[in-house]
Each structure stands twice: as C-alpha cells, then as structure tokens.
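Asks: The lines below spell out each chain.
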Amino acid sequence: AQSVSQHNHHVILSEAASLELGCNYSYGGTVNLFWYVQYPGQHLQLLLKYFSGDPLVKGIKGFEAEFIKSKFSFNLRKPSVQWSDTAEYFCAVMGGSSNTGKLIFGQGTTLQVKP
Amino acid sequence: DSGVTQTPKHLITATGQRVTLRCSPRSGDLSVYWYQQSLDQGLQFLIQYYNGEERAKGNILERFSAQQFPDLHSELNLSSLELGDSALYFCASSFRGEYNEQFFGPGTRLTVL
Chain A
32 AQSVSQHNHH VILSEAASLE LGCNYSYGGT VNLFWYVQYP GQHLQLLLKY
82 FSGDPLVKGI KGFEAEFIKS KFSFNLRKPS VQWSDTAEYF CAVMGGSSNT
132 GKLIFGQGTT LQVKP
Chain B
2 DSGVTQTPKH LITATGQRVT LRCSPRSGDL SVYWYQQSLD QGLQFLIQYY
52 NGEERAKGNI LERFSAQQFP DLHSELNLSS LELGDSALYF CASSFRGEYN
102 EQFFGPGTRL TVL
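Heads up: the sequence lines are chains A and B, in that order. Using this note's numbering, the letters of the first sequence map in sequence onto residues 32 to 146. Using this note's numbering, the letters of the second sequence map in sequence onto residues 2 to 114.
Some clues are possibly wrong.
As the list claims (entries may be wrong) - Listed next, the stretches of chain A that the computed footprint assigns to chain B, with coverage defined by at least 3 CB atoms under 8 angstroms from CB atoms of chain B:
1. 74-86
2. 132-146
Unchecked claim - Partial chain B-side listing against chain A, Cβ under 8 angstroms, derived:
3. Tyr-34
4. Leu-44
5. Phe-46
6. Gln-49
7. Arg-56
8. Ala-57
9. Gly-59
10. Ser-95
11. Asn-101
12. Gly-106
13. Pro-107
14. Gly-108
15. Thr-112
Stated by the list, open to error - Derived Cβ-Cβ restraints for the label pairs, each shown as a range:
16. B:Asn-52 / A:Gln-73: 22 to 32 angstroms
17. B:Arg-23 / A:Ser-34: 29 to 39 angstroms
18. B:Ser-81 / A:Ser-34: 25 to 35 angstroms
19. B:Gly-43 / A:Lys-145: 17 to 27 angstroms
Because the hints were derived from the structure by calculation, they are not lab data. For each residue, glycine too, the CB sits at the ideal point set by N, CA and C.
Extracted from the complex, chain B is given alone in its bound form (with noise of 0.2 angstroms):
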C-alpha cells in the first residue's frame, strides 16, 4: 500500500458523458500527479499541482481538467468522453516535485462504452 488512495477503482460510462476520479495524496505530501495508461499510448504525464497550484501540464486535453483542495486531495475532471479516453487512471503524489520519489495510487479504470 502506496498511501495514495484512488475512487473509485472502476467506472463504467457512456461517450459524451463527465466524470470526476479522486485522489487522495500520502499524508505530508505536497504535490499531486495525474497519468494516464492506455494501450495505444503508454503511460503519459497529465498535470501536476503542487500545494493547490498547477505545476507543469503534459498532454492533457482540453476536455480534461483538474485541481487541488485545500486539504490537498485532487480531483481530475473528464468531459464529454470519447471511447479513446478509455484507459487507466493514476494518481500519484509525492513531497515536493522534483527530486522526490512519486507514490502511485491504485489507479481508476475507466471504460467508456
């Protein structure tokens, strides 16, 4: 068990349709990662935030968006989804950012049907 907890573990949804997967970060850590895995694509970098900030974004569509609480836990929004966004979810946190280990939650498998 990494500490990073994840909700849900599945989802199920049709295209066309928003969804909002969880993250909750290891306690004492500050910064917050979303990736996403899909077969075609690999494991590919999302956004990063960092005490309640955008940090750095990767290749993140514009139908995807995501924050921070301040209590640190993360939320990444998903809208008006495709059959292609249909992949694995992680979340992974870790003190700071650069130099720090990442801590990879469960992930969220999403399919969208």
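Only chain A is shown next, with the shape it has when bound in the complex (with noise of 0.2 angstroms):
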C-alpha cells in the first residue's frame, strides 16, 4: 500500500532562515508527488507538483522540492522563509498506475516562523 511520510512534525523557524521539509513515500510503480499548503483557518492549496520531467521542480511564492528517485524522497525546500508562510505543509502522493486520482497524505508538518 502507498504511504507518506512526513519527517518533521512542527518546525519553528526565524524570518530568512531556510527552509526544508522531509517527505518520503513507499511505492513501487510511477508516481506523482504533491506539496500542499494549509494556511490557518483556510483550504488546502497547491505549491507544487511533480508528473515527470525535471526532478527539480518550482512552484509558487519561491518553493522548490526535488524528486530523488532512488531514496523516493521529494523534499521541499525555500532558501529564505518569511512569516506568512506560518502554515501547514502536507506532502502527496498520487499512484499513476492505479488510474485514480486519490491523493494519499502524510501526516503534515506545522512550520512556524517568528518575526
């Protein structure tokens, strides 16, 4: 069965730190791999995602996440956080050959940035 797994549950940083947030996923066949943002009080936005292609992949407001194959990791990174990215991060991942489009998340992590 696929699973997501998020490293770190609650990460509190200062404003132009950098950022990196651990996901890993088990599955065997072709996947797609998602990061989504929940601000507080708000629905699950999208930052990225990964069909194929460049395994480096930008998304928005300065968020990056790379496909490493081989660890199946797809971590995502920002080099210099600011305070309204204080949110909720969830990592996805979507089995290509299961011909459905469910979503699979992991547990999330709550990042904190303090002015």
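Hey, can you piece these two chains together into the complex? The hints should help.
Replies: Written as structure tokens, this is what we have:
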C-alpha cells in the first residue's frame, strides 16, 4: 500500500532562515507527487507538483522540491522563509498506475516562522 | 478561492444522527473527491466520483455513503454518527483523475456531541 512519511511534525524558524521539509513515500510504480499548504483557517492549496521530467520542481511563493527516485523522496525547500509562510504543509502521492486520482497524504508538518 | 464550494461550513449534531454534506466542484471538473481530516488520522481519502460514477474508495466507513449527481455536485452522507466522526471534511475536484491537480474546498467542520 502507498504511504507517505513526513519527518518533521513541527518546525520553528526565524524569518530569512532556510527551510527544508522531508517527505518520503513508499510506492513501487510511477508516482505523481505534490506539496499542499494549509494556512490557518483556510483550505488546502497546491504549492507544487511533480508528474515527470525535471526532478527539480519550482512552485509558487518561492518554494521548490526535488524528486529523488532512488531515495523515494520529495523534499520541499525554500531559501528564505517569511512570517507569512506560517502554515501546515502536506506532502502527497498519487499512484499513477491505479487510474484514480486519490491522494495519499503525509501527516503534515506545522511550520511556525517567528518575525 | 479555489472554485470548489462546500456547505454547510459548520455542523453540530448528536450521536446517532445522520447528516449530509454538499460539494459543488469547479466549473468543468468531472471528478470529485472526499477527504476526512482529523487530529488522530490526519488527512484521509474517503471516496472519488468521476462523471457520476464511483471511481475509487478509500477508508470510508460503511455508515458513510456518497453520490455524484448529473449536475456533478456531490453529497456525502454520514449516518449513525459517533463522537469519532467529528472532523473536517474536505471536498476536492479535478478535471479528470490521475495526472490532474485537485482543487480543495473550504471544508465542512462536523462536530458530533
């Protein structure tokens, strides 16, 4: 069965610090990978996605992620965080061979950025 | 605003009751997904409909059921409610299914007392 593991449950950073959130998945076939963000009181929004091609994916708001197939990882990065990045971040996998679009989410990482 | 609407925003009910959550997908989207977000289980996929037909099932209890209507809106029915059903229920939509990103609605917060 597919699963997603996010290593950090709660991360606290100061503004301008660099961010890296870990995400590992378990699935043997072709996968599509996503990072979603949930700002306080809001719905999930897509930050970036990987379907194929360049394993370094750039998303919105200066976020990027790197797909490393050999490590089953899809870590999220941002060189310099802002207070407005305070939110919960979810990594998700969509199994390409299952012919459905269901997303399997990790448990989420709460990011708190101190001004 | 993702274009996906959900009603109601909040729902408070008692154990043993039945409720219906409603979702309208983005214009043009054919797939609707339901997810449950709770503190202990995280975000879990419940069920997917594509153009009126069930496409995939996840960890959905037998007390729960869903359908997608000809106008593509969807309803999630939860019956014989238990305290543990208290959660945030999200609906998402996409154009088709796989290889399409999903757009999430604002969610319905269900509280079972």
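Asks: Tell me if the interface restraint on Thr-112 of chain B is satisfied: Cβ within less than 8 angstroms of some Cβ in chain A.
Replies: Cβ of Thr-112 of chain B sits 16 angstroms from chain A, so the hint is violated.
Asks: Is it true that the C-beta distance of Gly-43 of chain B to Lys-145 of chain A lies inside 17 to 27 angstroms, as the hint says?
Replies: holds (26 angstroms)
Asks: When I compare C-beta atoms, does the region 132-146 of chain A have three or more residues closer than 8 angstroms to chain B?
Replies: n = 8 at 8 angstroms, threshold three: holds.
Asks: Could you check if Ala-57 of chain B really has its C-beta closer than 8 angstroms to a C-beta on chain A?
Replies: holds (4 angstroms)
Asks: Quick check on Ser-95 of chain B please, does its C-beta sit within 8 angstroms of some C-beta on chain A?
Replies: holds (6 angstroms)
Asks: With a cut-off of 8 angstroms on the beta carbons, see whether Tyr-34 of chain B makes it to chain A.
Replies: holds (7 angstroms)
Asks: Would the hint on Gly-106 of chain B be counted as holding, given a Cβ-Cβ threshold of 8 angstroms to chain A?
Replies: holds (6 angstroms)
Asks: Minimum Cβ distance from Arg-56 of chain B to chain A below 8 angstroms?
Replies: Hint holds; Arg-56 of chain B Cβ to chain A Cβ min 5 angstroms, cut 8 angstroms.
Asks: With 8 angstroms as the cut and Cβ atoms as the points, is Leu-44 of chain B at the interface with chain A?
Replies: Where the cut-off is 8 angstroms and the nearest Cβ of chain A is about 4 angstroms from Leu-44 of chain B, the hint holds.
Asks: Take a look at whether the Cβ-Cβ distance between Asn-52 of chain B and Gln-73 of chain A falls inside 22 to 32 angstroms.
Replies: With a Cβ separation near 29 angstroms, Asn-52 of chain B and Gln-73 of chain A satisfy 22 to 32 angstroms, so the hint holds.
Asks: Against chain A, with CB atoms and a cut of 8 angstroms, does the hint on Gln-49 of chain B hold up?
Replies: holds (6 angstroms)
Asks: Against chain A, with CB atoms and a cut of 8 angstroms, does the hint on Pro-107 of chain B hold up?
Replies: Since chain A brings a Cβ to about 5 angstroms from Pro-107 of chain B, closer than 8 angstroms, the hint holds.
Comparing the model with each earlier hint shows a violation of hint 15 alone; every other hint is respected.
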